[in-house]
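**Student:** Using the sequences provided together with the hints, build the complete structure.
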Amino acid sequence: MRGLVVKGIGGFYFVKTDEGVYRAKGRGLFKKSNNTLMVGDEVELIISKDGESDSLIEKIYPRKNCFVRPAIANVDQIIVVTALSEPSPSFEIIDKMLVNAEMNLIKPMLCITKPDLDQKGLLDQILSIYKPIYKCFVVNGRTGEGVDDLKASLKNKKTALMGPSGVGKSSITNLISPCALMETGDISDKTRRGKHTTRHIEIFSCQGGYIYDTPGFTSLYTEDVEEARLSSFFPEFVDKSRGCRFDNCRHINEPECEIKSAVESAEVAKTRYDSYLSMIDEIKRNKRF
Numbered sequence: 004m005r006g007l008v009v010k011g012i013g014g015f016y017f018v019k020t021d022e023g024v025y026r027a028k029g030r031g032l033f034k035k036s037n038n039t040l041m042v043g044d045e046v047e048l049i050i051s052k053d054g055e056s057d058s059l060i061e062k063i064y065p066r067k068n069c070f071v072r073p074a075i076a077n078v079d080q081i082i083v084v085t086a087l088s089e090p091s092p093s094f095e096i097i098d099k100m101l102v103n104a105e106m107n108l109i110k111p112m113l114c115i116t117k118p119d120l121d122q123k124g125l126l127d128q129i130l131s132i133y134k135p136i137y138k139c140f141v142v143n144g145r146t147g148e149g150v151d152d153l154k155a156s157l158k159n160k161k162t163a164l165m166g167p168s169g170v171g172k173s174s175i176t177n178l179i180s181p182c183a184l185m186e187t188g189d190i191s192d193k194t195r196r197g198k199h200t201t202r203h204i205e206i207f208s209c210q211g212g213y214i215y216d217t218p219g220f221t222s223l224y225t226e227d228v229e230e231a232r233l234s235s236f237f238p239e240f241v242d243k244s245r246g247c248r249f250d251n252c253r254h255i256n257e258p259e260c261e262i263k264s265a266v267e268s269a270e271v272a273k274t275r276y277d278s279y280l281s282m283i284d285e286i287k288r289n290k291r292f
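With the sequence shown counted from 1, adding 3 to any position gets you our numbering.
Please note: incorrect hints may appear among the correct ones.
What the hints assert, rightly or not - Capping the alpha-carbon separation at 25 Å, the derived lysine-lysine pairs in PhoX-like fashion look like this:
1) 273 <-> 263
2) 134 <-> 158
3) 154 <-> 19
4) 62 <-> 134
5) 10 <-> 160
6) 110 <-> 158
7) 110 <-> 123
8) 10 <-> 158
What the hints assert, rightly or not - Using C-beta positions, here's what the derived DEER-type ranges look like:
9) 122 <-> 22: 49 to 55 Å
10) 91 <-> 61: 42 to 48 Å
11) 74 <-> 152: 26 to 32 Å
12) 138 <-> 24: 31 to 37 Å
13) 130 <-> 15: 38 to 44 Å
14) 264 <-> 151: 38 to 44 Å
15) 130 <-> 203: 15 to 21 Å
16) 24 <-> 130: 15 to 21 Å
17) 268 <-> 290: 28 to 34 Å
18) 55 <-> 13: 15 to 21 Å
19) 136 <-> 67: 41 to 47 Å
20) 91 <-> 68: 27 to 33 Å
21) 61 <-> 251: 46 to 52 Å
Calculated directly from the structure, the hints in this document are not laboratory data. Values in this document were obtained by computation on a predicted structure and should not be read as measured data. Positions of the beta carbon are idealized from the N, C-alpha and C atoms, including for glycine.
**Tutor:** Here you go:
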């Protein structure tokens with residue numbers, strides 16, 4: 004029987020089929036082949052004969068795509084979620100998540116939460132940077148304002164919500180898929196960051212598709228990115244880079260670089276360029292080890 008892995012906890016996987024959701028274990032051969040099961044995997048399931056024992060996942064069907072962190076597969080679209088306060092937005096984290104989506108040939112979207120807490124004019128700043136590049140939503144998780152526009156974009160799609168802890172991913176999930184009833188968390192008093200309320204990845208039905216609610220992360224890795232290709236994952240860099248003097252321009256120290264000129268003229272946001280340079284440094288550090 005074919006099914007969809009909708010949750011994985013403590014070595015057990017919950018597989019949704021046409022006949023219901025079954026708790027299952029993976030065959031030992033998955034461990035031997037280092038083929039780790041992921042939430043979002045389409046699998047072949049052997050149902051236990053007695054109806055009480057755990058079922059067995061016999062096969063993983065080919066994946067459309069997969070992510071390492073969070074460990075999810077077969078995503079159609081990604082919505083990067085960031086809050087305007089508690090926790091304050093990190094442009095570098097936003098950009099890393101956007102790059103991870105671009106690397107997997109997925110056009111991401113951006114959802115900005117907690118607009119009622121914006122006291123620094125960050126909403127206008129964030130929209131001015133990202134709206135020319137990506138589809139953006141502004142959602143108030145407390146009042147539900149803006150959620151209808153977001154729901155419309157989820158129809159018949161498998162959508163992953165990604166973002167740091169405390170930005171409101173579970174609150175959004177509750178608004179668009181009330182059957183989820185995910186626990187929502189407070190902010191840590193010491194760090195003013197979220198407390199990782201979502202401790203595991205789980206998929207919920209939504210708008211004829213599925214939504215992946217993922218744990219929050221404050222750090223991401225760019226180990227799989229080649230330095231020479233990084234700029235291609237910044238859409239606003241692509242056209243401008245054709246005007247660089249050198250075809251292999253890295254947009255760092257090279258003369259007559261169109262990207263650096265665009266940053267100076269504010270055609271490219273400095274925060275985006277700073278994120279790019281930070282990722283370049285991270286890629287170089289990873290190569291040393």
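**Student:** Could you run down the list of hints and mark each one as holding or not?
**Tutor:** Going down the list of hints, with the structure as the test:
1. A hinted pair counts as satisfied when its Cα atoms are at most 25 Å apart, and residue 273 with residue 263 qualifies at roughly 9 Å.
2. At most 25 Å may separate the alpha-carbon atoms for a hinted pair to count; residue 134 and residue 158 meet this at roughly 21 Å.
3. Our distance criterion of 25 Å between C-alpha atoms is met by residue 154 and residue 19, whose separation comes to about 22 Å.
4. Taken as a hint, the residue 62 and residue 134 pair is broken in the structure, with Cα atoms around 41 Å apart against an allowance of 25 Å.
5. Under the criterion of a C-alpha separation no larger than 25 Å, the hint pairing residue 10 with residue 160 is consistent with the structure, at around 18 Å.
6. The suggested pairing of residue 110 with residue 158 holds, with an alpha-carbon distance near 16 Å, which does not exceed 25 Å.
7. Distance restraint check for residue 110 and residue 123: the Cα-Cα separation of roughly 29 Å exceeds the 25 Å cut-off, and the hinted pair is therefore not satisfied.
8. At most 25 Å may separate the alpha-carbon atoms for a hinted pair to count; residue 10 and residue 158 meet this at roughly 21 Å.
9. Separated by about 51 Å at the C-beta atoms, residue 122 and residue 22 satisfy the suggested range of 49 to 55 Å.
10. The hinted range of 42 to 48 Å is satisfied by residue 91 and residue 61, whose Cβ atoms lie roughly 47 Å apart.
11. Judged by the Cβ atoms, the range 26 to 32 Å given for residue 74 and residue 152 holds: they are separated by roughly 29 Å.
12. Separated by about 32 Å at the C-beta atoms, residue 138 and residue 24 satisfy the suggested range of 31 to 37 Å.
13. At about 42 Å, the CB distance of residue 130 to residue 15 agrees with the hint of 38 to 44 Å.
14. A beta carbon spacing of about 41 Å between residue 264 and residue 151 agrees with the range 38 to 44 Å that was offered as a hint.
15. The beta-carbon spacing between residue 130 and residue 203, approximately 32 Å, falls outside the hinted interval of 15 to 21 Å.
16. Checked against the hint of 15 to 21 Å, the C-beta distance between residue 24 and residue 130 comes to roughly 40 Å, which is inconsistent with it.
17. Residue 268 and residue 290 have their C-beta atoms about 32 Å apart, which keeps the hinted 28 to 34 Å range intact.
18. Between residue 55 and residue 13 the Cβ separation comes to about 19 Å, which falls inside the hinted range of 15 to 21 Å.
19. At about 24 Å, the CB distance of residue 136 to residue 67 disagrees with the hint of 41 to 47 Å.
20. Residue 91 and residue 68 have their C-beta atoms about 31 Å apart, which keeps the hinted 27 to 33 Å range intact.
21. Checked against the hint of 46 to 52 Å, the pair residue 61 and residue 251 passes, with Cβ atoms roughly 47 Å apart.
Hint compliance for this structure: hints 4, 7, 15, 16, 19 are broken, all remaining hints hold.
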